[in-house]
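Undergrad: One-letter residues, chain by chain:
Protein chains: 2
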Amino acid sequence: MSAFDDLLAFQRQTEALSSVAERLGWDQETVMPRGATEQRAEEMAAMEAVLHERRTDPRIGEWLAAARPEGEAETRVVALIARSHARSSRVPARLAAELARTTSLAQGIWAEARANDAPEDFLPTLDQVLMLKREEAAALADGGDPYDALLEDYEPDTTAAEIARLFEVMRPRLVSLREAVLGAERQPPQLQGHFPQETQLRLSRACASAFGYDWSRGRIDLAVHPFSSGRWQDSRITTRVVESEPFNCIYSTIHEVGHSSYELGIDPDYAFTPLGRGVSMGAHESQSRIYENQLGRSRAFTDWLFHRMGDAFDGLNIRSADDFYATVNRVTPGFIRTEADEVQYNLHVMLRFDLERDLIAGRLDVRDLVKAWNARFLRDFGVAVDRPANGILQDVHWPVGMFGYFPTYALGNVFAGCLDRAMRQDVPDLDEALRRGDATPGVEWLRENVQRHGGLKPAGRLIADATGAPVSPDALLEYLDAKFAEIYRL
Amino acid sequence: MSAFDDLLAFQRQTEALSSVAERLGWDQETVMPRGATEQRAEEMAAMEAVLHERRTDPRIGEWLAAARPEGEAETRVVALIARSHARSSRVPARLAAELARTTSLAQGIWAEARANDAPEDFLPTLDQVLMLKREEAAALADGGDPYDALLEDYEPDTTAAEIARLFEVMRPRLVSLREAVLGAERQPPQLQGHFPQETQLRLSRACASAFGYDWSRGRIDLAVHPFSSGRWQDSRITTRVVESEPFNCIYSTIHEVGHSSYELGIDPDYAFTPLGRGVSMGAHESQSRIYENQLGRSRAFTDWLFHRMGDAFDGLNIRSADDFYATVNRVTPGFIRTEADEVQYNLHVMLRFDLERDLIAGRLDVRDLVKAWNARFLRDFGVAVDRPANGILQDVHWPVGMFGYFPTYALGNVFAGCLDRAMRQDVPDLDEALRRGDATPGVEWLRENVQRHGGLKPAGRLIADATGAPVSPDALLEYLDAKFAEIYRL
Chain A
20 MSAFDDLLAF
30 QRQTEALSSV
40 AERLGWDQET
50 VMPRGATEQR
60 AEEMAAMEAV
70 LHERRTDPRI
80 GEWLAAARPE
90 GEAETRVVAL
100 IARSHARSSR
110 VPARLAAELA
120 RTTSLAQGIW
130 AEARANDAPE
140 DFLPTLDQVL
150 MLKREEAAAL
160 ADGGDPYDAL
170 LEDYEPDTTA
180 AEIARLFEVM
190 RPRLVSLREA
200 VLGAERQPPQ
210 LQGHFPQETQ
220 LRLSRACASA
230 FGYDWSRGRI
240 DLAVHPFSSG
250 RWQDSRITTR
260 VVESEPFNCI
270 YSTIHEVGHS
280 SYELGIDPDY
290 AFTPLGRGVS
300 MGAHESQSRI
310 YENQLGRSRA
320 FTDWLFHRMG
330 DAFDGLNIRS
340 ADDFYATVNR
350 VTPGFIRTEA
360 DEVQYNLHVM
370 LRFDLERDLI
380 AGRLDVRDLV
390 KAWNARFLRD
400 FGVAVDRPAN
410 GILQDVHWPV
420 GMFGYFPTYA
430 LGNVFAGCLD
440 RAMRQDVPDL
450 DEALRRGDAT
460 PGVEWLRENV
470 QRHGGLKPAG
480 RLIADATGAP
490 VSPDALLEYL
500 DAKFAEIYRL
Chain B
20 MSAFDDLLAF
30 QRQTEALSSV
40 AERLGWDQET
50 VMPRGATEQR
60 AEEMAAMEAV
70 LHERRTDPRI
80 GEWLAAARPE
90 GEAETRVVAL
100 IARSHARSSR
110 VPARLAAELA
120 RTTSLAQGIW
130 AEARANDAPE
140 DFLPTLDQVL
150 MLKREEAAAL
160 ADGGDPYDAL
170 LEDYEPDTTA
180 AEIARLFEVM
190 RPRLVSLREA
200 VLGAERQPPQ
210 LQGHFPQETQ
220 LRLSRACASA
230 FGYDWSRGRI
240 DLAVHPFSSG
250 RWQDSRITTR
260 VVESEPFNCI
270 YSTIHEVGHS
280 SYELGIDPDY
290 AFTPLGRGVS
300 MGAHESQSRI
310 YENQLGRSRA
320 FTDWLFHRMG
330 DAFDGLNIRS
340 ADDFYATVNR
350 VTPGFIRTEA
360 DEVQYNLHVM
370 LRFDLERDLI
380 AGRLDVRDLV
390 KAWNARFLRD
400 FGVAVDRPAN
410 GILQDVHWPV
420 GMFGYFPTYA
430 LGNVFAGCLD
440 RAMRQDVPDL
450 DEALRRGDAT
460 PGVEWLRENV
470 QRHGGLKPAG
480 RLIADATGAP
490 VSPDALLEYL
500 DAKFAEIYRL
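Top line first, the protein sequences correspond to chains A and B. In terms of our numbering, the first sequence opens at residue 20 and continues consecutively. In terms of our numbering, the second sequence opens at residue 20 and continues consecutively.
Source of the hints: derived by calculation from the structure; they are not laboratory data. Built from N, CA and C at the ideal position, the CB exists for glycine as well. Treat the hints with caution; some may be incorrect.
Taking beta-carbon pairs under 8 Å as the criterion, some of the chain A residues facing chain B (in silico) [claimed, not checked]:
id, residue
1, Leu36
2, Leu43
3, Arg224
4, Asp253
Take a look, some chain B residues computed to stay more than 10 Å from chain A by CB distance [as the list claims (entries may be wrong)]:
id, residue
5, Gln32
6, Leu99
7, Ala290
8, Leu383
9, Asp384
10, Asp399
11, Gly487
Can you make the complete structure from the sequences, with help from the hints?
TA: Structure follows, in structure tokens:
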């Protein structure tokens, strides 16, 4: 056995254990008896302790030093393990444990504060989380930029400065599109009615099948929040149902099918290695968003959906497939990121990105955060936040310590824009298939050009190789301009 | 931190990890996508490797040597960890891995041989398993009796000799009861009809509730084989449905509720310690069997069930509650242990116990096993085995290396007999409650006298303390004589 083989064998077991921990998380959100929360916390903590011990195992350093990888894949495997080992080793075990404990408690405190619309109950805890995260960021950065060090966990191979430049290009274009759309004479009708849970779930399963979801390696369950979980031979998704809003369930499902299909589409040879997972959260979001938006909210696919929904619910209050397309893509003022349309979504992200960089840099104090959020929201969206649950309290990310995560959502949209342009060039009969409720020609193009590579290439190169052009926000912005100009007759 | 505290903290994590591994097994049998089998095998192997490393960790030996436990519970904890550590350490890692690999493969080969009714396809594999188990038994026995060393895994604190003496008392009494019942003039009617799955499941859930199953810490799912899984705050059961045989689903459910309730009934202070689980398989089976038989198949409970089933299925072909009681307890000739009635069940166990002792001792060659099984079956049951799937191929235990497991089933019945006698003395209004579909007075007696103690006392002492008398088969035999004399008017 060479050092590389030893390293790989050790990593294989670590990957398997990490997959087990993720499965426990799925279990907790879907089928676990409600009385088992303390036990599950103990089980998760035990798994995390084992995983941390393995990730910081000193033998990894020895194997890395002695490994002689051959070819692109082996070289990348070594680089990815080295990065994870270095990161895990930089954070003192005391800090890691303190972070795990504090963020776990903070999540509950945040949920209660949100329910009570009482940010003052939660801000002291957020302050604690932030202090620990700043300490972690400094340890990880090792002299470099602390925010970039946190970003690396979700979107390696990029920097906050690069993302800021991207957002500077996007913001004015999105703001002006938003104004034009909201001021347009034509405003799409709103879907109304009662849409029973069982029918929504049946339709969602049909949509998952339309996008080629592999049922032999996946399943759909109900959960409070939609998410996807797992990889290789077992990637499951969840969805949720609001009986007055069927698009919520349908498009959440398609979104999560995008995430799961990315994992299931990775070259099986990469399973149980660091190549066997989506390369970054931005790359991941590119798949979920292109499934959901560029494919799922297209004129062609909504044509099929319009007729399916009409059949399933015995008629809709929307008259034509054209109107239905407009309804699905309706832009309305709103406070909540997760409910935002394609035009406004990235503006929500940018607000968070700027505030969290200020928090990590120490330029913004948690005590001033509500004021800062509200002022910024008014400036970007033209409306005042009506209550904290619709403002600062809406997202779980900061309470659980996920600073550096938000920009990956917008990056995913940018990647999706690039991929959509190339895919439409390469797959001329895409709309014809979508109109029949078959998204698989698009899905196959994505699997071949993006998904199968797993962690082999950094996200930027992955998208550039797939599209034949460097990453740029132009494709997304042009797509949005054209789409919404058509819908709103701008 | 004292050595005892260190030992306990380490054990706590091991117990949590072991609970995770068990949850994975549940997932595999109930909700896992069918295409995930290879991945799951890899995940289970990784968990087993971690657990084996922990169980044989040399620090355990040091902590054990230095530990100064105080009181009954701490002393017992130390003894149980010492036993597990000694056992794990005696088996060479090479042999443990070989056993895991061989038995995992053997299970598939056995399933196929059973489906094809072809023992010759499977016996060479069984021979391999047996060789490895004999090697393991010799390593574990450390000069003592090899069969007893295997038995210890399932029923510590007893020996094959003790069990054999018990069986010698039971066999003639059971054989003569069996002859009397099968030769009786009155033969109970058979339940006939079509019993839809959904209604069976609804009834089974009602039965689980009647036995006080704690739904906040459990759930019921469908699986190929009924089983219970997990402990402390999370013990789930499975059941199965045959639409022509509703008793199968109903009594499997009650049986598994017995197993799960044992685990859920243990003193919560024992969670994540070796005291936090059923003390032996015999003790476990005593709970599942007393729930299923002495309570669930009683005249009083079947009265309630008769009316519930009549309502649920719009009438039955059984006229009276008396007839229904007889139907539920019907004794018929049969080849299959898991389908056996209360009279014949233990005879099935005794056959396997004698044969497996001969196999482990090297007195019986696998090549002669089919002949030995068939001869013994003819002698004990008076009918010739018609085909191997109804004989040697019916049980999964030997292929997966579970030698020493079978006698615990009969031991559980003996324990249940002892407990039933004491419970009926202590809970005079038991039948009155059962007739209302409420088994909880019995369940509460069992929780107080058996379940809450977890692993605190060896099984024999547990039953003796609960009943005020040493373990003896008399109570079971007298219960069976009286019950079946009444039903068959002997």
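Undergrad: Each hint should be assessed against the structure and marked as holding or not.
TA: Hints and how they fare:
no.	hint	verdict
1	Leu36	holds, 5 Å
2	Leu43	holds, 6 Å
3	Arg224	violated, 14 Å
4	Asp253	holds, 4 Å
5	Gln32	violated, 5 Å
6	Leu99	holds, 19 Å
7	Ala290	violated, 7 Å
8	Leu383	holds, 39 Å
9	Asp384	holds, 39 Å
10	Asp399	holds, 43 Å
11	Gly487	holds, 34 Å
Hint compliance for this structure: hints 3, 5 and 7 are broken, all remaining hints hold.
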